[in-house]
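Participant: Sequence:
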Amino acid sequence: MEAASWKKVKDYSEIIFERKEKIAKLTINRPEKRNAFTPVTISQLIEAFTICRDDSSIGVIILTGAGDEAFSSGGDQGVRGNGGYVGPDQIARLNVLDLQHLIRIIPKPVIAVVKGWSVGGGNVLQLVCDLTIAADNAKFGQTGPTALRFIKAAMNADTDGLAGLQQFAGDATMLYYTTDEAKEGRDAFNEKRRPDFDKFPKFP
1 MEAASWKKVK DYSEIIFERK EKIAKLTINR PEKRNAFTPV TISQLIEAFT ICRDDSSIGV
61 IILTGAGDEA FSSGGDQGVR GNGGYVGPDQ IARLNVLDLQ HLIRIIPKPV IAVVKGWSVG
121 GGNVLQLVCD LTIAADNAKF GQTGPTALRF IKAAMNADTD GLAGLQQFAG DATMLYYTTD
181 EAKEGRDAFN EKRRPDFDKF PKFP
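Here the numbering used here is used: the first residue of the sequence shown is 1, the next is one more, and so on.
Mixed in with the good hints, there may be bad ones.
[What the hints assert, rightly or not] Calculated cross-link-like contacts (lysine-lysine; reagent style BS3-like; alpha-carbon spacing at most 25 Å): (1) K25 / K139; (2) K10 / K108; (3) K20 / K108; (4) K22 / K33; (5) K152 / K25; (6) K8 / K20; (7) K10 / K33; (8) K8 / K33; (9) K108 / K7; (10) K20 / K7; (11) K199 / K33; (12) K139 / K8; (13) K10 / K25; (14) K183 / K199.
[Claimed, not checked] Computed spacing ranges between beta-carbons, pair by pair: (15) I23 / L94: 47 to 57 Å; (16) D55 / L175: 35 to 45 Å; (17) D55 / P201: 16 to 26 Å; (18) L162 / R104: 21 to 31 Å; (19) D68 / D187: 19 to 29 Å; (20) G170 / G144: 31 to 41 Å; (21) Q77 / R104: 24 to 34 Å; (22) D187 / Q166: 39 to 49 Å; (23) D54 / A154: 43 to 53 Å.
In case anyone wonders, no lab produced these hints; they're calculated from the structure. Note that beta-carbon positions come from the ideal geometry of N, C-alpha and C, so glycine has one too.
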């Protein structure tokens with residue numbers, strides 16, 4: 001008897017949603033961008049993961065990237081704004097956080113299948129899955145002195161109790177001190193004037 005082939009569940013512009021019997025497979029389909037994701041990619045993944053969660057006939061979910069060069073290289077820098085990534089709604093946001101949360105709470109195994117690069121936000125996606133299967137050419141990376149600092153602080157906050165939380169708070173304070181908003185507060189105090197915080201956006 002022949003093994004069942006993958007069948008398309010629904011058409012999307014930036015992902016492929018297929019299933020084979022009880023297995024769903026979600027593929028980030030932007031190989032020309034090393035599967036960097038946009039807000040559109042994320043919204044489509046959220047919808048597809050939600051369908052998988054609600055369909056009782058699906059038992060396991062595979063997340064992967066198209067082609068052999070990359071699982072995902074993270075957020076597409078071509079649509080990166082000041083406070084996140086800008087989608088059709090023209091609002092800069094980090095909507096990948098919603099996807100990460102959804103992957104964590106789905107009561108079904110989510111397996112990342114990684115070929116090629118898994119970097120930045122793409123690397124975080126495979127980290128939040130329940131299991132990662134790495135091909136021979138898989139390469140994992142997280143870039144940026146501040147990003148690495150906060151990853152370590154987050155791990156310490158989880159495993160080292162209040163001492164870890166103290167470190168995380170200190171690192172967050174350090175990062176805040178480098179922002180224009182914090183500098184405005186400092187300068188206003190030193191210049192004995194009311195600070196103008198309205199010029200700084202309040203991101204969603």
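Participant: Evaluate each hint against the coordinates.
Facilitator: Hint check:
no. : hint                    : verdict
1   : K25 / K139              : holds (21 Å)
2   : K10 / K108              : holds (20 Å)
3   : K20 / K108              : holds (16 Å)
4   : K22 / K33               : violated (30 Å)
5   : K152 / K25              : violated (31 Å)
6   : K8 / K20                : holds (9 Å)
7   : K10 / K33               : holds (22 Å)
8   : K8 / K33                : holds (23 Å)
9   : K108 / K7               : holds (20 Å)
10  : K20 / K7                : holds (6 Å)
11  : K199 / K33              : violated (34 Å)
12  : K139 / K8               : violated (29 Å)
13  : K10 / K25               : holds (12 Å)
14  : K183 / K199             : holds (13 Å)
15  : I23 / L94: 47 to 57 Å   : violated (30 Å)
16  : D55 / L175: 35 to 45 Å  : holds (41 Å)
17  : D55 / P201: 16 to 26 Å  : violated (39 Å)
18  : L162 / R104: 21 to 31 Å : holds (24 Å)
19  : D68 / D187: 19 to 29 Å  : violated (51 Å)
20  : G170 / G144: 31 to 41 Å : violated (18 Å)
21  : Q77 / R104: 24 to 34 Å  : holds (26 Å)
22  : D187 / Q166: 39 to 49 Å : violated (28 Å)
23  : D54 / A154: 43 to 53 Å  : violated (30 Å)
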